[in-house]
Amino acid sequence: DSGVTQTPKHLITATGQRVTLRCSPRSGDLSVYWYQQSLDQGLQFLIQYYNGEERAKGNILERFSAQQFPDLHSELNLSSLELGDSALYFCASSVGTGLYEQYFGPGTRLTVT
Amino acid sequence: AQSVAQPEDQVNVAEGNPLTVKCTYSVSGNPYLFWYVQYPNRGLQFLLKYITGDNLVKGSYGFEAEFNKSQTSFHLKKPSALVSDSALYFCAVSRLMEYGNKLVFGAGTILRVKS
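Keeping their order, the protein sequence lines are chains A and B. Residue numbers for the first sequence follow the working numbering, so the first one is 1 and each next one is one higher. Residue numbers for the second sequence follow the working numbering, so the first one is 1001 and each next one is one higher.
Hints listed in this document are in silico derivations from the structure and should not be mistaken for laboratory results. In this text the structure is predicted, and so the values were computed from the model without any measurement. Take the hints with a grain of salt, since some may be wrong.
Claimed, not checked - Some chain A residues judged to face chain B by a derived CB distance under 7 angstroms, without partners named:
| no. | residue |
| --- | --- |
| 1 | Asp40 |
| 2 | Leu43 |
| 3 | Phe45 |
| 4 | Gln48 |
| 5 | Gly52 |
| 6 | Arg55 |
| 7 | Ala56 |
| 8 | Ser86 |
| 9 | Phe90 |
| 10 | Gly98 |
| 11 | Leu99 |
| 12 | Phe104 |
| 13 | Gly105 |
| 14 | Pro106 |
| 15 | Gly107 |
To be verified - A few chain B residues that don't get close to chain A, going by computed Cβ distances all over 10 angstroms:
| no. | residue |
| --- | --- |
| 16 | Pro1018 |
| 17 | Leu1056 |
| 18 | Gln1071 |
| 19 | His1075 |
| 20 | Ser1086 |
| 21 | Ala1087 |
| 22 | Glu1098 |
| 23 | Val1104 |
| 24 | Gly1108 |
| 25 | Lys1114 |
In this text, a Cβ means the ideal position worked out from N, Cα and C, and glycines have one as well.
Construct the complete structure from the given sequences, taking the supplied hints into account.
Written as structure tokens, this is what we have:
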């Protein structure tokens, strides 16, 4: 158990809908990262937050947004969902920003029908 | 751009035999390299990292990795494979960005250890 928690574990929704994925980092970790894992794209970085501030952005779609709250938990919001958004979404956390190892949560499996 | 390549989609090894999972990197500047393992329906687990120092890095569960600058490689190794080592292994490079960082992952290698 990495200490990173993600809810929900599974999410099934229809195209055009909006969902929110939640992540709680390990105790003491200030950085939160979001990654998307799909069969065709592999593991792709979406976005990083450090102590409430956005620090790095990957190829995150404009339909997707995230935030990190004062208690350091983070939420990833996915809107106007398309079939191609079906994937496993991972949250990871680390002590700081830089060369620290990242600890991954169990993921949220999103299925868009 | 920072990238890693895992040339083998799958590696098969017999239990008790040594295993190697290959990774090569392409980076500008110093490479900061990581290995992660993913078991079915689980998140990624950190195994080890190379930042600087000794070329042989020891990690969790008896795994080690050898950093080779001349060959731009960072192969994962274990002297004696266990059936329970069967999983999906990812090599990654850390890319430092202006105010943050991200991991860039390889495509992954499936390791199958047969008894």
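Evaluated hints:
{"no.": "1", "hint": "Asp40", "in the structure": "11 angstroms, violated"}
{"no.": "2", "hint": "Leu43", "in the structure": "4 angstroms, holds"}
{"no.": "3", "hint": "Phe45", "in the structure": "4 angstroms, holds"}
{"no.": "4", "hint": "Gln48", "in the structure": "5 angstroms, holds"}
{"no.": "5", "hint": "Gly52", "in the structure": "13 angstroms, violated"}
{"no.": "6", "hint": "Arg55", "in the structure": "3 angstroms, holds"}
{"no.": "7", "hint": "Ala56", "in the structure": "3 angstroms, holds"}
{"no.": "8", "hint": "Ser86", "in the structure": "16 angstroms, violated"}
{"no.": "9", "hint": "Phe90", "in the structure": "6 angstroms, holds"}
{"no.": "10", "hint": "Gly98", "in the structure": "6 angstroms, holds"}
{"no.": "11", "hint": "Leu99", "in the structure": "5 angstroms, holds"}
{"no.": "12", "hint": "Phe104", "in the structure": "4 angstroms, holds"}
{"no.": "13", "hint": "Gly105", "in the structure": "5 angstroms, holds"}
{"no.": "14", "hint": "Pro106", "in the structure": "5 angstroms, holds"}
{"no.": "15", "hint": "Gly107", "in the structure": "5 angstroms, holds"}
{"no.": "16", "hint": "Pro1018", "in the structure": "25 angstroms, holds"}
{"no.": "17", "hint": "Leu1056", "in the structure": "18 angstroms, holds"}
{"no.": "18", "hint": "Gln1071", "in the structure": "22 angstroms, holds"}
{"no.": "19", "hint": "His1075", "in the structure": "19 angstroms, holds"}
{"no.": "20", "hint": "Ser1086", "in the structure": "19 angstroms, holds"}
{"no.": "21", "hint": "Ala1087", "in the structure": "14 angstroms, holds"}
{"no.": "22", "hint": "Glu1098", "in the structure": "8 angstroms, violated"}
{"no.": "23", "hint": "Val1104", "in the structure": "7 angstroms, violated"}
{"no.": "24", "hint": "Gly1108", "in the structure": "7 angstroms, violated"}
{"no.": "25", "hint": "Lys1114", "in the structure": "25 angstroms, holds"}
Hint compliance for this structure: hints 1, 5, 8, 22, 23, 24 are broken, all remaining hints hold.
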